[in-house]
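A.B. asks: All chains should be built: construct the whole structure from the sequences, respecting the hints.
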Amino acid sequence: MDELAVLDGGKCILQLRGVRPFLSEKYDITKHPNYKYLSDADRRNTFDIEKFLSTKLKVKPEETYDSYEVAVTEELSSV
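The sequence shown runs 11 to 89 under our numbering.
Keep in mind that the hints were calculated from the coordinates and are not lab data.
Think of the CB as a built atom: it goes at the ideal place given N, C-alpha and C, for glycine as much as any other residue.
Treat the hints loosely; a few may be bogus.
Pairwise CB distance ranges (calculated) [stated by the list, open to error]:
1) E73 with K41: 55 to 63 Å
2) G19 with V69: 49 to 57 Å
3) T56 with G28: 30 to 38 Å
4) V69 with R27: 39 to 47 Å
5) S77 with P31: 47 to 55 Å
Cut-off 30 Å, straight-line C-alpha distance, at most; resulting in silico cross-link-like pairs (DSS-like, lysine-lysine) [said to hold, decoys possible]:
6) K36 with K46
7) K46 with K21
8) K41 with K21
9) K61 with K46
10) K21 with K36
C.D. replies: The following block contains the structure:
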């Protein structure tokens, strides 16, 4: 455990399924070409889940759509 505590900050241990854990260099995400799309680079890129979930589709009066009623059975409600 002491070896992990003194591990160089530029290195990491990767543990992938089907492969033995191995030591690797950390990747500097600021060097990636798509870094500009992350919220780390620009706060305007932050995804607001609350805003996304509160958005409702607006149906125009001339649009046709099907409406369904769904009943929940006792079997499904206990899952």
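A.B. asks: What are the numbers of the hints that this structure violates, sorted from low to high?
C.D. replies: 1
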